[in-house]
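Residue numbers (my numbering), protein chains in the order written: chain A, 1 to 503; chain B, 1 to 245.
It is worth saying that the hints were derived from the structure and are not from the lab. Even glycine gets a Cβ: it sits at the ideal position worked out from N, Cα and C. Hints are not guaranteed to be accurate.
Pair by pair, the computed Cβ-Cβ distance ranges are [stated by the list, open to error]:
| id | chain 1 | residue 1 | chain 2 | residue 2 | range |
| --- | --- | --- | --- | --- | --- |
| 1 | A | P131 | B | R12 | 53 to 61 Å |
| 2 | B | E211 | A | Q89 | 49 to 57 Å |
| 3 | B | H195 | A | D44 | 39 to 47 Å |
| 4 | A | D494 | B | K32 | 41 to 49 Å |
Pulled a few chain B residues facing chain A out of the computed Cβ check, cut under 8 Å [what the hints assert, rightly or not]:
| id | residue |
| --- | --- |
| 5 | K72 |
| 6 | A73 |
| 7 | N84 |
| 8 | G147 |
| 9 | I202 |
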Amino acid sequence: MFRSLVLPEFLAKIDQVKCIRCKRCIQNCGWSVYSWSGDKVLIDTFKCVKCLRCYHYCPEEAIAILDNPVRYRNNANWGFYNIRNIKKQAETGGIPLTGMGSDMPYPVLFDSLLIDACQVTNPSIDPLREPMELRTYLGKKPAKLEFEKGKDGKQKLKTKMPPQIKLEMPFIFAPMSYGSISLNAQKTLAIAAKELGIVMNTGEGGLHEDIYPYRDNIIVQVASGRFGVNPDYLNAGVGVEIKIGQGAKPGIGGHLPGEKIPLDVAKTRMIPIGTDALSPAPQHDIYSIEDLRQLIFAIKEATDYAKPVSVKIAAVHNVAAIASGIVRAGADIVYIDGFRGGTGAAPSIIRDHLGIPIEHAIAAVDDRLRQEGIRNEASIIAAGGIRSSADAAKVIALGADAVALGTSALITMGCTVCGKCYTGNCSWGITTQKPELTVRLDPEVYSERLINMIHAWSHELKEILGALGINAVESLRGSRERLRGVGLDAQTLDILGIKPAGR
Amino acid sequence: MLTIDAKGVYYRELNQKVREVVSKGEKEILLKNVNGQYYIGDGLQGDVKITIEGVPGNDLAAFMDGPTIIIKANAQDNIGNTMNSGKVVVHGNAGDVLGYGMRGGKLHIRGDVGYRVGIHMKGYKKQIPVIIAGGKAGDFFGEYMAGGVLILLNLDNRDDRHITGDYLGTGMHGGTIFIRGNVDKGLCGAEVSIHEPIKDDIAVLKGYLAEYCADFNLNLSDVMSGCFKKIIPTSLRPYGNLYAY
Ligand code: SF4
Ligand code: SF4
C-alpha cells in the first residue's frame, strides 16, 4: 500500500560521512522531518518544505535540500502543481491552502520599467553631500492653504491641517496580525518601526499589551471579525485602518483555525480559546460606499477626529472607481494591495487567479483621483510584491505616496519564502505560535537586521532620487515622465501613463 | 440632569458636546428633539445615562464602552456596532445590523428588529453580549455568531411573518439563540441545531428577561410562559474540514 500519491516537493539529504550526530537538525526543523533512530538521523522527506532552517544550523554542512528530481512526466500544459493539487484534493477533499504571495509566472511589470537619470543637460545630485528628503506624511491634504496675520504681526497658517501620520521614509510595514505571525515577529516590527520613525500595522488580530508602548508607530486595524476592537484599541495608535480586502485573497474572508489559537492569541483577539477566528468575507455592516462612509465616520467619532482613517482594499478590476468612492467616503489613506501580495494563509486557487497587479492598480487609481481633482484628499499606499527599493521607486513614480512591506520584512527575520506559513510550523519562529519555535526569533537581534535593510533601501532610494536630479521623494510621486517601459504593448503603456524606452 | 436640545444641531457638534460634558463628569443627559443624528454615544466610555427623545440616526453606541442609552421612540440601523459594554434600550422598533461584532453589553428592543441582527457577536471572558428583541427579526439573525446571547420574543405577533427570516444562525460557531415560539428548521443555517431548553437555560433566560421586563414594564411570568427553543452551533469549528494542508 502506498502512503500518499502526493509527490514530495523536496528531497532532504544528509551526508552520513560528514554528519556528527549532533541532532541539531532534529531540534530545528519545525515540520518534524528528522527523527533519531538510535545511531543516525532518519529523514521523512514528504514533510520537507525547503525552509532551509536545518541547512543553516547544521554545523558540518552535511545537509542538502534538493528539489525532488522525481517529477511527473514533462507536460507543458499539466504542470507539477496542477497534478499534485488534484492528488491532494483526491486524498483530502479540501481546498489546498498556501502562504506568501503568488509564485505563478505572471509578468512582473516592475521588471519592464526603467527609471530616468540625469546626463549633461540637467545635473544629478549627490545624496552623500546634499540633503535628500524622504519624509512623507500620510493623510488628507487641504486643497488650498490660507494664512492670516498673527498677534505678533507675522503670517500664520489659518487652514486647519487634517491629522497626518509622519514617516521618516516612505515605507510602512504591512498589516500582519498576532495569530498569523508570532508576537516576537510583531515586536521585531514594532522595535524597527520606532527606531526608523515609520509605522507597523496590527493586522486584524487585536493589540497585544507588549505592543502598546509603541503607540506612536502603530496603525490599528479594524476588519470584519472586529477582533480586539474597543475604544482603547482604536485610540492606541496613530491611525486606524479598515480592512476590506487583501491582495492575496480578494473577496474572501480570513479563517484562523481553532487549534492555532492558544490562550495569548485568544486574549489579544478577545475571543474564547479554541474557537475558529472567522473573519467573514464582507464586513456585514458595509455593503456600499455609503455604509463604508458610516464606518469611517463612526471611527472618526470614536477617535475624536484626531487620527487618519485608512481603507485597505485588494487591487481588483474596477479599483480606480472603488478608490474614488473610498476617498469620497472620507478616507484619509487608501491602501491598495496588489494580487501578488503576501498572506499567512489563502486558498491557492484564489491567491493565484484573482485580482490585478499593483503596478496597473496604482497607475489607474492615481489617474482617476487626479482626473476627479481629489488626489490631495487621500494618500495612497502601494503594497503587494515590492521586492526592492527600485520597485518602491517605480510604484511611487506611478502615483503612490508610500509602500508597504510585508514579505521583505519577514525575509530579514529568516523567512525563505517557502510559502508554508499556513501550517503554523514555521521553523524561523515567524508564522507560528509554538513556543519552542517562536523563542528563536529574538526581537532585539532581528529588529537590527530589519533596520539595516530599511536603511539600505533608503540609501538606494536617495541614490535613485539623486540620479533623477531631485532632492525629495515627493517630487517623484506620480512623476511618470521619469519612467519608461521596455517590451510593453501600447495599451499597457497607456494604462501606466508612460512612454516606451527611446521616446 | 443636563438637557441638550438637539433641534437642528449637526451630529458632529451634538456628539462633540456630549463627549465634552461626559468628560467633565456629567452622569445624566437628556437629548431633546433628536432627529436622525448619527453616532450618538459612539466610542463613549464611562457610566453616564443618556435619554433620547426623538429618533436617533444610524450607528448609535458604536464601540461604546459603559454608558446606558434609552431611546423612547424607534431607532435606526447599526446600533451597538462592536460595542464593548453598556446598554441600549429602544422602546420602539430598531433597524438592520444591530450589535455587529458586539463583545459585551446589552441591547433591549421592545419591538421588531431588521436584517442581519447579531452578526458575529462574540463573548470574551466575563463579557457576554445580549440582544433581546420583543418582536420579530429579518434574515441572517445571528449569522457567524461566535458568542453571547440572542433572544427573540415575538410578544405581540402582529403579522403572519415567521418569527425569524431565512439563514438563521448561518456560520454560527458560538453563543446561544433563544426563540420564543417554533423554529422552522428550513430557515436555519446548516451549522446549527434546534433544542428544547434545559432547566439551566430557563434559569439563564429568566435572569435576562427579568431585566428586560423591568425596562419595559412587562410581566415576566407572561413572557416566560411562552415555549422557547434553543439554537446552538453543532461545532465550534464549522469550517474545520474545508482545507487541505
Ligand atoms: S528544516 Fe526546513 S528545509 Fe530542513 S528538513 Fe525541515 S522543512 Fe526541510
Ligand atoms: S514565514 Fe516561515 S513558513 Fe512562511 S514562508 Fe517564511 S519561512 Fe516559510
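Now for the hints, and whether the structure bears them out:
1. The hinted window of 53 to 61 Å between P131/A and R12/B is violated, with their beta carbons roughly 41 Å apart.
2. Taking 49 to 57 Å as the suggested C-beta distance range, the pair E211/B and Q89/A conforms, at roughly 51 Å.
3. Our hint of 39 to 47 Å for H195/B and D44/A holds, since their Cβ atoms are close to 45 Å apart.
4. Range check, D494/A to K32/B: about 59 Å between beta-carbon atoms, so the 41 to 49 Å window is missed.
5. Interface restraint check: K72/B against chain A, minimum CB-CB distance 23 Å, threshold 8 Å, status violated.
6. Interface restraint check for A73/B: the shortest CB-CB distance to chain A comes to about 21 Å, outside 8 Å, so the restraint is violated.
7. At its closest, the beta carbon of N84/B sits 4 Å from a beta carbon of chain A; the interface hint therefore holds under the 8 Å criterion.
8. Against a cut-off of 8 Å between C-beta atoms, the interface hint on G147/B holds, since the closest Cβ of chain A lies about 6 Å away.
9. At a threshold of 8 Å, the smallest CB-CB gap from I202/B to chain A is about 24 Å, leaving the interface hint violated.
When held up to the earlier numbered hints, the structure conflicts with 1, 4, 5, 6, 9 and fits the remainder.
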